[in-house]
Amino acid sequence: MKKIISVIMIISMLTVLQSYAADDSRLSYDAAKETMLQNSRAVLKQKLSERKAFYQYSGTVQRTRGIETEMATFDTPMGSFTYLYPPNIQVLLTKQAVLLPLQMKYYWKMADNSRIVTEKALSLGLRDLYLGFMKADMDYQLSLEKLELQEKKYNAAKLKAQEGLISGIESEEAEYNYLKAKKDVEKYKRSRENMQRSINSYIGVPIDTAYDKVLFSELTRNLTLKPVEYYTEAAVENRLEITSVIEEIKIKEQNLEILEKGRAKDIYPDIRKEYEDVLREIEALKVRLDKAKYDVENNIKSAYIDAIKEGDNLDNMLATLNMQKRSFEKLKAQQNQGLIPEMIIEEAELGLKELQNGFNLVVYNYNTKKMKLEEAAGLGPAY
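When the letters of the sequence shown are read in order and numbered with mature numbering (1 follows the signal peptide of the UniProt record, and there is no 0), they come out as residues -21 to -1, 1 to 362.
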C-alpha cells in the first residue's frame, strides 16, 4: 500500500512539473546553452570519438603490458635458456611497449580536448545569437508600449480636432505616428519570430517553440577583468594549439631515445634514417610551436583590447543612463505639481526604457567579450 501511495505521489509531482514546464515559456542564455549541449550532434559526435579513442588507448595498454623488450627466457629439459634480442628487435619491442601507449594516450586526450573546445565554441556562438534574440524581444516589447502611447495621442488629437483646438496638419501627424507605430510593431514582431526560429534551430528544439520572455540575467555573472599578462601566460600554458605540439615533441623525443637503444641508430641504416627524420620533425614542430605562441599572444592582446573598449563603452552608457534617470525624476516632480501632462511623462519613460535596454545589451556584450577572453586564455577556442 505504501508503495502504491509513493508511486501516486511521484506521478502527481511529475505532472505538476510537466505542467509548469509547459506554462513556463521563459528563456535564458544558461537554459538555452544547457539545452544546446544536450541536443548538439557535433558534441555527441565528439563524445563518441573520445570514448572510441579511450577504449583504443585502454586496449593498447592491456596488450602491451608486460612486453619484455631486451630478452626472452625459454625453459628446456636442460634448463632455462635466455636469448638477448638484437638492438633492432629491442627498438621494435620498446616501441610497442612504451611508444605506442604514449601515442594512443595522446590521441585520446586530443579527442577529449577537441570535445571541450567544440562545446565552448558552440556556447560562445550561442552568446552572439542570444544577443540578437534578446534585442529583437526588447525592440518588440518596446514597440507595443510605443503603439499604446501613440494610440492615446491619436485619440486625444481626434478629440481636439473635433473641438477645433488643433489644425488638420497636427491631426494628420498624430494619425501618421499612430499608423507608423502599428507598422513598427509588425516589423519588430517578424524580426523577433525570425530570431526565435534561428535560436531554436541552433539549440536543437522544435523550430516553432515560442517564448513569452527572453531573460536578461547578466548582472549576477560577476566576471572580473584581470591584467593582460594573466591571460597571456595562461593562454601560452593552456591553449590546445600549443599544448598539442608540446606533447607531440615529447613523444618524438621519446622515440629518439628508443632509436638510440643498443646503438641501433648507428648499426642499422633504416633506423638511422628514421632517427634523422624524427629529428627534422622535431625541429619543424619547434618552429610551429614558436609561431603558435606568437599567434596566441597576439590573439589574447586583441581580445583584451576589445574587452577594454567594451568596458569603456559600458561606463559611458551608464553615465548617460544615470543622467537620463535624473532628468526623468525632475520631470516626474514637475508632473506631480501639475506642470507637465501625463503623456509627456509616459514618452520620457519609454525613452528611458529604450536607453536601459541599450545599457543591458552593452552589459551582455561586455560579459561576452570577457567570456571569450577567458576561453581564449584556456584550452580555446581562439578569440
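A portion of the hints provided could be inaccurate.
As the list claims (entries may be wrong) - Beta-carbon label-pair distances, calculated as ranges:
| id | residue 1 | residue 2 | range |
| --- | --- | --- | --- |
| 1 | V266 | G183 | 53 to 63 Å |
| 2 | F195 | E142 | 25 to 35 Å |
| 3 | A100 | L71 | 35 to 45 Å |
| 4 | S37 | Q233 | 16 to 26 Å |
What the hints assert, rightly or not - Only pairs whose alpha carbons sit at most 27 Å apart, straight line, appear in this in silico DSS-like list of lysine-lysine:
| id | residue 1 | residue 2 |
| --- | --- | --- |
| 5 | K139 | K26 |
| 6 | K309 | K131 |
| 7 | K229 | K240 |
Hints are computed from structural coordinates only; laboratory data are not their basis. In this text, all values refer to a predicted model and were calculated from it rather than measured experimentally. Beta carbons are placed, not taken as given, at the ideal position from N, Cα and C, and that holds for glycine.
Against the structure, the hints come out as follows:
1. In this structure, V266 and G183 break the distance hint of 53 to 63 Å, their C-beta atoms being roughly 41 Å apart.
2. In this structure, F195 and E142 break the distance hint of 25 to 35 Å, their C-beta atoms being roughly 44 Å apart.
3. Roughly 41 Å separates the CB atoms of A100 and L71, a value that falls within the hinted 35 to 45 Å.
4. Between S37 and Q233 the CB atoms are about 20 Å apart, so this pair conforms to the stated range of 16 to 26 Å.
5. Restraint check for K139 and K26: the C-alpha separation of about 69 Å exceeds 27 Å, so the hint is violated.
6. Simply put, K309 and K131 have alpha-carbon atoms about 23 Å apart, close enough for the 27 Å limit, and the pair holds.
7. Pair hint K229 plus K240 holds up; C-alpha atoms about 17 Å apart against a cutoff of 27 Å.
Hint violations for this structure: numbers 1, 2, 5, all remaining hints satisfied.
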